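Top to bottom, those sequences are chains A and B. Okay, so the first sequence: first residue is 1 according to full-length UniProt numbering, each after it adds one. Okay, so the second sequence: first residue is 1 according to full-length UniProt numbering, each after it adds one.
Keep in mind that the hints were calculated from the coordinates and are not lab data. None of these values were measured; they are calculated from a predicted model. Possibly wrong hints are sitting among the right ones.
Straight line, CA to CA, 30 Å or less: simulated DSS-like cross-link-like pairs of lysine-lysine [said to hold, decoys possible]:
#1 A:K61 to A:K135
#2 A:K179 to B:K139
#3 B:K139 to A:K135
Derived list of chain B stretches under chain A, where covered just means 3 residues or more per stretch with a C-beta under 8 Å from a C-beta of chain A [unchecked claim]:
#4 97-111
#5 120-133
#6 210-216
Calculated from the model, a selection of chain B residues having no Cβ within reach of chain A, i.e. all distances over 10 Å [said to hold, decoys possible]:
#7 V48
#8 A53
#9 Y70
#10 P92
#11 N281
#12 L286
All C-beta atoms in this analysis are idealised placements derived from N, C-alpha and C, irrespective of residue type, glycine included.
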Amino acid sequence: MRGVCTRSGSLSAADFYASAIYFSQRWNETNSDFPNWVWIPCSRLGAISEDEGYLVLEKVKLQTERNDSNLEELNNCDSSANDELTDEATLVDVHSHYAHLYDLHIAYSFTYKVPVLYFRGYKSDGCHLSLDEIKEELPSHSVEILQKSKWTFMTQEEHPYLNTPWYTLHPCGTGDWMKLLLSSTSYGENISLIQYLPAWLSVIGQTVGLRVPLELYSRS
Amino acid sequence: MEEEATKYIWEGAIPLQIKLHESEITSFPPPPPLMILGLRIGYLPLLVPPLKAHFSSTLPPGTDNVWFDYKGLPLKWYIPTGVLFDLLCAEPERPWNLTVHFRGSPGDVLTPCEGEESVKWSYINSLKEAAYVINGNCKNVMNMSQADQYDLWQSLLKGNMEGYLKISSRLKLGPFGEDSLPSEASETVASSRPSRIPVRLYVRSVGEEIVDIEDAPIIDSWDKISYINRPFEIYKEEGGYVSLKQALKSLLPETFNTNSSQEESGTNVKDPNAPDFEDDNAKLRLVRVQGIEPDMDIPFFWLANCLRNPEFYLHICVFISKQPKLR
């Protein structure tokens, strides 16, 4: 049933699809620093679905403690040496040598009727990061959220479409906090469900260090 | 009747013949396989203690990382044993021959299992999910006392049906589909909330040319199986009863219908006596629930109440064939 379900904090599969397409278009338009989100339709037994699938953002660098502190370290080193001898190219190379990359997927949960984030991290040699390694480099406020919140916790589950293990933020509390978010006055009363994903990602993104550009929240 | 069905399910077991993978045998002669019963409603990792006892003297040094395979296919440990059997053995194999490994779990394919705790967590999680499907919230499961959670799990481990039912009945998660009062879940539009049944569908496609399902080829990759974890929904106003066949068609819309004019609610309630649509993309070849092939006209709610697993999920294995397109 299509329609506004803001009072419950959840959304239908059709609305998820519409919001995903809207969100990915806006992101791709406004955010040239990051790769694009891509919609992957679900392919089942040879039939490609028209409106069931998931969003994919791959090989992205997140705003992690690690990346930030590496940058700081490099800056500190340079200031002690001769600034004029700083080689921009070297800075970038060393930085990306240490950077961990992430794949982020957003799929729909038919049980909880909310989006769910699935993610994996990789070292520069392509090896997968373990959950402990990922937690080590999350922003500190995110670790706090994860430890204290009864609403959000990280587990390893099977990806709903890919038959491989991924890390995920459990969706059982999402409806509750989305209900609060959508009913808050800053979003106004008549928020269209098209805006559901940007709103959802504004919270979820914080737990994994994904920066969401402000332009995404402006209604065009 | 439903009590008898519950008893049938709890007593159901698959005779297993489990051998140790040859790469892990360090003794001669090699140890014989272990013959053991796997509860249909149980999970393979729960068999590790007797397996370990049987094979420990021959294992190479190292830490245990247990996993199972059937003809080379690593088995997903969080799927109940009975479901794995119904799905992977088109022709029921008795005993079912499995291989156990104590080393080198394929981490790129299988989520790691750290023994009983992992299985328990996965089980409680499924129970929570089922509660959410049925009631719109998981409060009753979240609010279970530690003691109750412990007793519930122990009852499942030991196949103790009475013990289990004593605790699970307090969760008030069944029966499905009664014209019961709306739950106290939400103050919003309760009257138009549909009835939802937790369902997990496992779908295999079998070639049209395979006449006898039992000749279906062995599955060598989970990519050949579609797993659909989606509740079945029906609005009470739609009336009548929904047959198993109708329920399956509504859960697999693209598979069965060329027209996508279905309601979001997911049901397409038509005259149960109507002939098959000629424009269906696929044909149901075999449906198995708890090892039974139910009649396709069986009322779906009744089936769900009788044959669901203890965590309130109805697991259905479906074999389909694509229809050749006639133009």
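Checked hints:
1. A:K61 to A:K135: Holds. A:K61 to A:K135 sits at ~15 Å (cutoff 30 Å).
2. A:K179 to B:K139: holds, 17 Å
3. B:K139 to A:K135: holds, 28 Å
4. 97-111: It holds, with 5 qualifying residues against the three required.
5. 120-133: The restraint on the stretch 120-133 of chain B holds, since 4 of its residues have a Cβ under 8 Å from chain A and three suffice.
6. 210-216: This one is violated; 0 residues, fewer than the three required, reach chain A with a Cβ under 8 Å.
7. V48: holds, 20 Å
8. A53: B:A53 clear of chain A: closest Cβ-Cβ about 29 Å, beyond 10 Å.
9. Y70: holds, 16 Å
10. P92: holds, 23 Å
11. N281: violated, 7 Å
12. L286: B:L286 is indeed farther than 10 Å from all Cβ atoms of chain A, at 15 Å.
In terms of the numbered hints stated before, the structure departs from hints 6, 11, listed from lowest to highest.
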